[in-house]
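Protein chains in written order, with this note's numbering: chain Y, 1 to 318; chain W, 1 to 318; chain S, 1 to 325; chain A, 1 to 325.
Worth flagging that the hints you see were computed from the coordinates, not collected in a lab.
Mixed in with the good hints, there may be bad ones.
[What the hints assert, rightly or not] With a cut-off of at most 25 angstroms between alpha-carbon atoms, the simulated DSS-like pairs for lysine-lysine come out as follows: (1) Y/Lys-55 to A/Lys-48; (2) Y/Lys-180 to W/Lys-29; (3) W/Lys-29 to A/Lys-120; (4) W/Lys-161 to S/Lys-48.
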Amino acid sequence: MNKLLAEEMYYLMTLGRKFEYAAKENYMKGNVSGFLHLDIGQEALSVGAIKAFEKGDVFATYREHVMAIARGLEPKAVMAELFGKVNGVSGGKGGSMHLFEPSRFFYGGDAIVGGHIPNAVGCAYARNLQGSEDGVMVIFGDGATNGGAFFESLNIAATHKLPLLFLCENNEYAIGTNIKYTAPFREQAKKAEPYMMTLSVDGMKAEAVYETIKEAQKLIEDGHGPVFVEAFTCRFEGHSVSDSNSYRSTQEMKHCKAKDPLVHFKKELLERWMCSDKELEKIEKKAQTMVDEAVVFAENSEEPNAAALFEHVFTEEV
Amino acid sequence: MNKLLAEEMYYLMTLGRKFEYAAKENYMKGNVSGFLHLDIGQEALSVGAIKAFEKGDVFATYREHVMAIARGLEPKAVMAELFGKVNGVSGGKGGSMHLFEPSRFFYGGDAIVGGHIPNAVGCAYARNLQGSEDGVMVIFGDGATNGGAFFESLNIAATHKLPLLFLCENNEYAIGTNIKYTAPFREQAKKAEPYMMTLSVDGMKAEAVYETIKEAQKLIEDGHGPVFVEAFTCRFEGHSVSDSNSYRSTQEMKHCKAKDPLVHFKKELLERWMCSDKELEKIEKKAQTMVDEAVVFAENSEEPNAAALFEHVFTEEV
Amino acid sequence: MLYREALNKALDEVMEIDDTVVTLGEDVGLYGGAFRVTEGLVEKYGEKRVIDTPIAELSIVGNAVGMAIGGLRPVAEIMTGNFSLLAFDQIINHMAKLHYMSNGKITLPMVVRFPQGVSKQLAAQHSESYEQMLSSVPGLKVLSVNDINYAYHAFKYAILSNDPFVFIEHELLYNKKGEVNFAQQLDPFKARIVKEGENITIISYLKMVDDVMQSVSAIESALNCSCEVIDLCSLNPIDYDTLAISIKKTSRAIMVEEDHKTGGFGSQVIAWVAEEMFYTLDAPPLRLGGTDTPIAYNRTLELASIPTPDSIAQDIIAWGKKNDV
Amino acid sequence: MLYREALNKALDEVMEIDDTVVTLGEDVGLYGGAFRVTEGLVEKYGEKRVIDTPIAELSIVGNAVGMAIGGLRPVAEIMTGNFSLLAFDQIINHMAKLHYMSNGKITLPMVVRFPQGVSKQLAAQHSESYEQMLSSVPGLKVLSVNDINYAYHAFKYAILSNDPFVFIEHELLYNKKGEVNFAQQLDPFKARIVKEGENITIISYLKMVDDVMQSVSAIESALNCSCEVIDLCSLNPIDYDTLAISIKKTSRAIMVEEDHKTGGFGSQVIAWVAEEMFYTLDAPPLRLGGTDTPIAYNRTLELASIPTPDSIAQDIIAWGKKNDV
Ligand SMILES: Cc1ncc(C[n+]2csc(CCOP(=O)(O)OP(=O)(O)O)c2C)c(N)n1
Ligand SMILES: Cc1ncc(C[n+]2csc(CCOP(=O)(O)OP(=O)(O)O)c2C)c(N)n1
Ligand SMILES: [Mg+2]
Ligand SMILES: [Mg+2]
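Can you make the complete structure from the sequences, with help from the hints?
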């Protein structure tokens, strides 16, 4: 990773963090509603993975704002979607959990835990058939690794040696339930071992994530078939904005927040890439401006009109 | 295994084989209808497993006549069920695929591939809670090991360390599709390895099956949690009576039939347990009589009356 | 008492007296349930009887079926109606059929419960209603509960029954307040006359009953008539007797439901009205339901896609004027 | 040409001209499909385009959705309707909603097809009908096909359309013989008037159309009337225009379906008749459907649980006598 990329990643992580806080603030104000799942604490993972997996298709879950932005979706179009406005990436119909941008090969935004994994498998099948070099990356939580959709996908992807990168964000929680109640071990990569190569990485370290995803991508390109990457991470907030996070002790949260990926990466930038405080300040400011603009854009954007309700049920009405 | 048990198993295997041929004959005659899945070629597995797993609950698939009989369901009540008669084990309402006898802890007869596995998990959970020593055995084909229900069950059984014996009858085919098209490897036990101990056995050898299931049962009793047993076997007939079996070459069928479990076990009885030809003839005759009586019983049994249609939709009508 | 507290109390009481009762689902333990219906139960009955499951809905119901076979009385929670689709095989192919297929040898004393419906901007994958699908399945008894007293009694009844029940709740009802008459003997299959009236029978269930009640005075003054409002309570079986008595009196029937109108549950009710009450009717029956569109996130679109007190009043008044009510 | 051959031909022709079309399902390859609909295709188009899948219905549909996102036109076969329940999450939460939730950015040109219904003694887990569930889902177009010519054209249309289709077949229709008019331009959403008549409109679809046709002469001579028989062909959308024209002529409407009567698909049709055609009707509408019982294995019980030509004639004649037809 060179300095330029490191700076870009720091920018995206900072942008992501600020975006999430702005989203939360606007949820409190009543501008954003529904389920709002924040990625705060997991930015190294979201940004590192998306930047490493430059080409190819990405399928994500409902906790996807930061990934979407890292993928190149405009922060203002994402914020407008959270506001339910017509200039939102999904025209206000999808909301936080349903951000789609096929032009950027981003199909983030599935709200059925594990439901997008078979879709990613199908897309990888298509890419294979089309002879495309770029694979598919599917991102999901540790909670998704207990469901049938995930398991069927391991089997099918391995059978057809599909160019598919499974990325598990293991934050050890599915809403309020710790993984120890729902799986026999903490490392979900074990489940993939019979089927494919697995890698694991500290998801709080942006560079490590970046390198690991690059390695996985290389394995896929070299024809190894699917690869499973597990990244251990930690979410700083409740499951969604409406969750009080009461099931995690102050102790546990302190331990978790001590690994803040932004703090860590900033230190790396200062120490390893010799960035100056000033350079980083500039980046942080730029991120803040971007977020401020996004909120203003979302505020000023129109509501969808009444006819929108009946649009896009089908491509052609009968 | 002592001689007495060996003879009993030989009796049950012979009974099973003859029962299946009689069922097939009566299908041809139009007395039996629907899907009729024969167990011919797999009797060592069905009988060996059921006899070894004496106590505890058994959940099986639609290919369960021989298991049902080995479990102690009356051949005549099973045959009457195939005939759709009121004296059938399920009153003529279930047919070949749905044989149930809770008094013998037999819940064979699910026609949704893999659908009974979560049921077996739940039953094992109940047994655990009730402090029962006897576990649960769930029997399924290789085709079921690709479905979400199976995978979810591995995970849950392992998480709760349930007293559950997974028995996979790997005959390498799901209807007409060879396992190589649908799984990345032939040994389905690999899929269970991350979760539990696995054993594998030649399913064409009754004694080996018996011993392996006993071993698995012991592991479960000793608190190892769930155990996975894979038995390699081969079905001699088509998937069901209406399947012409055209997807398997003469060569393949010859190879398969060379491993006939009855021929093998008979040889064992003669050579290792010093049974006489006469003793075995007597057993075979007894089996034949049993089957003949079962057919007569089924023929003479009544059709359910018209009111039966509305009975047992619920335990209490509103 | 809140609605969710009534359910909690019912479950708690049954677990207290019958230790074969267990409850399972995602976050039902320590977390107390996504909508707090199981709050406090794990502390009281332990992790073995209040079971935090993985996110595996097929197994939640499939395991409950097996637990029932094994002699327990499981109450399975599915977090939201939309996720129940993952369990449809177990609900329809297993839970509904094993008693019949085994000619009564297997009984399944169990409940599957979940909230459904449009809450607030949860979008298309978290807002749907599936009572029309589930109430058409022979072998399932389906209750769907508006009233708090009813909820308490019916839920208890369902847990203690030997038949498999689907118990459908609504996300927006959990914090509704009301009283429970603990001593009452309540028939959970009997429809509830929420308000008596002479000229129009309005049939509804679950949350929509409240919306109908809010619209009634506007309708009555605009049409100069009186409405009888019926809460079905049980969706399978349907209490046709109560409906028949009411419609004979009013000669008019309207069905209000939240689900997409096409193929919604109400079509069964109105088809029955048309077949069985035809000669009694003075006006065509009316069905009000949601639009045939997935649920949108945007609040305006979301509200435009389901009946609201205003739209109910408007639509019924327009229908009344057109049909000389 | 047999019904299954017409489907095979349609798929073959489309695969020939458009190599983004793929088909996937259990045993669709070498085996040729459980009902031989895909026979010969793997030999022609190879294993990459005719894909033998594992027994994993959730993935069959879920992968098809992903293939469509990736630019293919998948035709997914589910072996029997009952197994489609395992895929309901993918069909309803994904296939039906992604186009809408993405505000039209994602399109899903795909077909999910399966046979359903009572065949011969396949028992409760292999005999059900799910059109009522699937045709109530906004975002899905649902075709259900009685006629061979129609099957050919409608299937082709569905594969080439950019919308997600559910194409429902019946196990007992596959060996039905008929002609295909290859040159015809056929609107797959238009109901088919199978027989013209003046006094009763009988509406049906899929296999039941044939049973109705077998019962018609008995009905006509007993009631001294003439029946118009309509095959709906498309279950979502429903061609209400054709129904309205017919019912205006006959003043009477009957719906015949194979599914359990309670909550069956026909309840939507009859509810619509009651709402929209009320003042036209001279008699209460009638719905004939299966009993509200799981399907039994025993042949006598099985046949007693669904409409047959005899029971249809009997029931309609009784209704006609009671209602002065
Ligand atoms: C099929 C399904 N079941 C349940 C839910 C409710 N739910 C939403 S998120 C979630 C937890 C998911 O945890 P995990 O996969 O670890 O992702 P994380 O939220 O930790 O990122 C649950 C249970 C759902 N959306 N879909
Ligand atoms: C969920 C489901 N999908 C498809 C089928 C149709 N089907 C019945 S048996 C079978 C093959 C099962 O193969 P396997 O599990 O290996 O068992 P075997 O028949 O070899 O004993 C299939 C696909 C079914 N019954 N259930
Ligand atoms: Mg998690
Ligand atoms: Mg097999």
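Query raised in the report: Is the straight-line distance between the alpha-carbon of W/Lys-161 and that of S/Lys-48 25 angstroms or less?
Result: OK: W/Lys-161 and S/Lys-48 at ~12 angstroms, within 25 angstroms.
Query - Pair hint W/Lys-29 and A/Lys-120, alpha-carbon separation not exceeding 25 angstroms - result: Cα-Cα ~15 angstroms, so holds.
Query raised in the report: CA of Y/Lys-180 to CA of W/Lys-29, is that 25 angstroms or under?
Result: violated (57 angstroms)
Query raised in the report: Straight-line Cα separation of Y/Lys-55 and A/Lys-48 no greater than 25 angstroms?
Result: holds (24 angstroms)
Hint 2 from the list above is the single one not met by this structure.
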